[in-house]
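*Asks:* Residues per chain, in single letters:
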Amino acid sequence: MLFGLPNPRNPRLQLLKNVVLFKDLSMRDLAMVDGLMHAREYLADEVIFDEGEEGQGLFVVLSGRVKITLPASANNLLLDLGPGAFFGEVALLDQSVRTAQARAVEDTQIVALFRAEFYSLLETHSAIASRISFQLARVLAARLRQAVVNAEQHHQAT
Amino acid sequence: MNRALASGPIVWLGIIIATCLLLVLFQTVLWLVMPVLLAVVAYYMLSPLVNVAIARGITRARAVFIVTALLTIFLVAIGLIVAPKISRASSNWKNKVGGYADSGVKLIANAQTTLEKMVPFVHRPAAPPETGKAKGGAAAAPESKPTPATAAADEAKENAAATEALDEKVATFTEQHSGDVALELARWIPSLLLVPYITYFFLLDGPRFKRFLVQAIPNAFFEKTLYLFYRIEDQMRRYFQGLLTMTALDALCLGTGFWFLGLNAPFFLAGLAAVMAWLPYLGSIGGGLLVVLVAAHDFPGNYWLPYEVVGLFIGVRLLDDFVFMPLTVGRSLHMHPLVTVLMILLGGAVAGIAGLLLVMPVLGVVMVAGQIIGELITDERILARYRHARHLKRLRARTDLYMEG
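Residue numbers (this note's numbering), protein chains in the order written: chain A, 3 to 160; chain B, 408 to 812.
Among the clues, some could well be false.
[Unchecked claim] Here are the simulated DSSO-like pairs of lysine-lysine, each with C-alpha atoms no more than 27 angstroms apart in a straight line:
1) 564/B - 524/B
2) 19/A - 69/A
3) 524/B - 513/B
4) 25/A - 69/A
5) 631/B - 69/A
6) 513/B - 564/B
7) 800/B - 69/A
8) 19/A - 513/B
9) 492/B - 617/B
[As the list claims (entries may be wrong)] Reference excerpt, derived from the structure (chain B facing chain A, CB under 8 angstroms, subset only):
10) 461
11) 621
12) 628
13) 630
14) 800
Simulated from the structure, these hints should not be mistaken for lab results.
Here the structure is a predicted model, which is why all the values come from computation and not from measurement.
From the three backbone atoms N, C-alpha and C, an ideal C-beta is built for every residue, glycine too.
One chain only, chain B, in its complex shape (with noise of 0.2 angstroms):
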């Protein structure tokens, strides 16, 4: 379909509509949506690969089992290379979730003593000297003019005090929360293990179960959901692998900017920070936030390296949103800016995290679904078909039902 399908505000209602009752649905069973959604990203990573040993021979049951096979043992690998490293880390790490938290603090005190002394204005007035008298007392004695060593003092003292502060939050949260965690863990490594078993189904059966789901289709709308399956799946790959582009050229500009910064594992981290964008706008935030303060734990006295960092944040930023977006997702979507940013937004509200996640592949298979279903239902001609096969098929029920005579 050359011509781009126009739909009416009725159409869009229903799409907004359909796109949040969906969301809510996928929050209250997020344990199965997110295995089949990696499992999505997976099929559409590897069914190029399928595709490419299908075209040198293989059948497509044995290219399938080797495609699966092959990415079961990199995730096992990878879990053999990685699971030892976490298991370490985890011994110690409520000293190091107070460490870089002590380091976020410093950096804020830090950055806000600098932009005192650069910019006098934005000077925090000092604190009201403590007299022990009632406050506007007649015998108050006049207020000393307190000096600049005094108020230097004042300052290093107000700061240890946040510093301690945010440490025994961070002690008594990480306390209560830590159980939670594991829990939570737990609770969701069974589903990530179906990954690769969906996946291989998917690449399996995917043809076949769509063959499978068309022909429940009555046939005066038969050519028009073909294109409706095409078109879905057409977005929803290049969705997808727009995404995965994205994320590697993201991870590939972070690692080489943090391996130009001195950054250790600049890679990992730049992968993490590019897989955490994939949440709109809080994830690049908060991947952001992640790397400053490993930056700031790791080189306590190199001063300028988060600020080093956050640049190369917003440069990537800025890369990402007018250059790798429009050439892989955005391209994808068709989308306007406003709608999507709203969408973002709605989302959230109705879905919380999950629903920042899933918005923009949920309203992409929507918007495509509700379109042609609102060509389809507003199209008499179609609809005129479908009534006169029904007819037809009644009139073939009856034959010979009613003797004559």
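Here chain A stands alone, though its shape is the one from the complex (with noise of 0.2 angstroms):
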């Protein structure tokens, strides 16, 4: 709806609540939140964004599956996700290039934070922007605790 008033019994609320960058956010902040975010639905097989490609922010799975994979090797499966996970977080920090490729694994909805968008909430809503930005710190935080553990395991392993 262009020109409504916000439904504050938003099914879709309830579902950002359960994502862990939003966990810390109060119901009046998330819908500010949501204010901001673009919503997609995907067909089963079809791509969300390509290895190379440039990303320009992150991608909450609201309902369906979404797989990670390994450019090149569509067999290479990285990452399974579903309700409540989110992806694409680096391209919410800075400008670089998708390193995998995510695509609808069954008929899927996401909702797609936009980094001009994060930008402009650091701005006008330092607060809220924060609280994300600290979940998202402990997001990536724990993956590279994961990543130098699986590497020196792979060292070890040699």
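Two independent chains are provided; combine them into the complex using the hints.
*Replies:* The following block contains the structure:
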């Protein structure tokens, strides 16, 4: 709806509340963030983004499933993501290219938070944006830790 | 997108053609384009204030309402202050225009006389004496050499005749066109009243309208389109904010200069000249001419004042071109100076004054859109993804359509 009033019982808000990035936000703050997001629907097997593309923002899975695969190998599955998961988060921080491909495994609903809109959130609602940034930093730190552990295990194995 | 978008000649040709077509279209609906353009300027001027208000915990709707209400009050107050002055001035504007034109002619005549005194070889040859006899007649008496006194008297006569002729022309022109000007003003005022209204909705519903437009974009083009919107908005914001900053700097420099020179209403004149400079080249010349005429009219005894004003204008113009412009508007468009000049000339040729005024912002937007659309339609992978998604949709639509057996 273009000029309608926001619905306080928006089911999308309930779904977003379960996303790790937004777990520190109140429903009011979440409604503010939701107002910046773009909803998309993908059919099963539709590509969401390709490796090598310039990323513009992060995607959150609302329903359905998304697989993240490494380039040049559709079977090399990195992640299989369901409702509440998010991907492409590095593009929220800088203008880097996507390092993997994202493809809908089944009919999928996602919402996208564009980098420029996240930056505007930092300006207008810095408290909300800093809570999201803090959660994002925690997620990235956990992934880095896991990557270091994996590298060590690989090193010991060889 | 860090790397500069490199467009080929075909994309650039498309950009130029699209810009010209848009300028022609905009010229036909100028009554609508102008309030929208002014609303866009007001939007970029006010959106930082709205953001500040939102950051302080006010809802967007309330922040937009407060800021737009303040703008309206400000404009009404300006109107209430200026309208009586304009009304008073308009009652004798025919005389005033004549007075300014008269001062201009005197200034030119003085300049010519001074130049002739300073540089002898530019001295005009004296007009041949009117003997009343046929030219080349055998009985023509040998011409007597004019004395300096008679030459000066002739010059004074010529100047007086030229001034009189110009006064007549100005009087006839104002007589003929005063009705047209009043009608034109009456036609523009209602559309200009739309400016605060359009600004209000730009501020309130701009982000929602963007999302509404993005919804119509196919998935394959989604991220690129988001980027396109961002680039266009960024381009327009930087252009208009740059333009406003440059106007303020120009007005400040000129106003300070006029104040030092002792002109009446220095900052009003400076503001007027700075706003007129929005019209590339012609606007600057027009603004300069206006102030020179005012200086010549208000201080007829101060012979050097108009020249000092011209000097000040040239100084500020240089500051503009080499300091202010690269720091403000120039940064926003990243355009080659030759392309800028050619496009301004082309804009003027296809859409007149409106084209001159609109060519840069229109070109800025079309350039970004053209570059990204050019990139999209030549990206085989994105096109393949689009076709793949359509194929999936068609398959889905056909599911269970045909019964087997």
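*Asks:* Residue 630/B was flagged as interface toward chain A. Is the shortest Cβ-Cβ separation under 8 angstroms?
*Replies:* Because about 5 angstroms separates residue 630/B from the closest Cβ in chain A, which is inside the 8 angstroms limit, the hint holds.
*Asks:* Is residue 19/A within 27 angstroms of residue 513/B, Cα to Cα?
*Replies:* Distance of about 78 angstroms is beyond 27 angstroms: violated.
*Asks:* Given the hint that residue 564/B pairs with residue 524/B, does the C-alpha gap stay at or below 27 angstroms?
*Replies:* holds, 18 angstroms
*Asks:* Does the structure keep residue 25/A and residue 69/A at a Cα separation of 27 angstroms or less?
*Replies:* holds, 23 angstroms
*Asks:* Residue 631/B and residue 69/A were given as a pair; does the straight-line alpha-carbon distance stay at or below 27 angstroms?
*Replies:* holds, 21 angstroms
*Asks:* Does the alpha-carbon distance linking residue 19/A and residue 69/A stay inside the 27 angstroms limit?
*Replies:* The hint holds at about 22 angstroms.
*Asks:* Hey, does the residue 628/B contact hint survive, CB to chain A under 8 angstroms?
*Replies:* Violated, because the Cβ-Cβ distance from residue 628/B to chain A comes to roughly 11 angstroms (cut-off 8 angstroms).
*Asks:* Taken at face value, is the distance from the CA of residue 69/A to the CA of residue 800/B at most 27 angstroms?
*Replies:* Measuring from Cα to Cα gives roughly 20 angstroms; hence the hint holds.
*Asks:* Taking 8 angstroms as the limit, does the beta-carbon of residue 461/B come near enough to a beta-carbon in chain A?
*Replies:* holds, 5 angstroms
*Asks:* Given the hinted pair residue 492/B and residue 617/B, is their Cα-Cα distance within 27 angstroms?
*Replies:* Violated, at about 43 angstroms.
*Asks:* For residue 524/B and residue 513/B, compute the direct alpha-carbon distance and say whether it is at most 27 angstroms.
*Replies:* Between residue 524/B and residue 513/B the Cα gap is close to 16 angstroms, so the pair holds against 27 angstroms.
*Asks:* Does the CB of residue 800/B sit less than 8 angstroms away from some CB of chain A?
*Replies:* Constraint on residue 800/B satisfied, holds at 7 angstroms.
Violated hints, listed in ascending order, are 8, 9, 12; each of the other numbered hints is respected by the structure.
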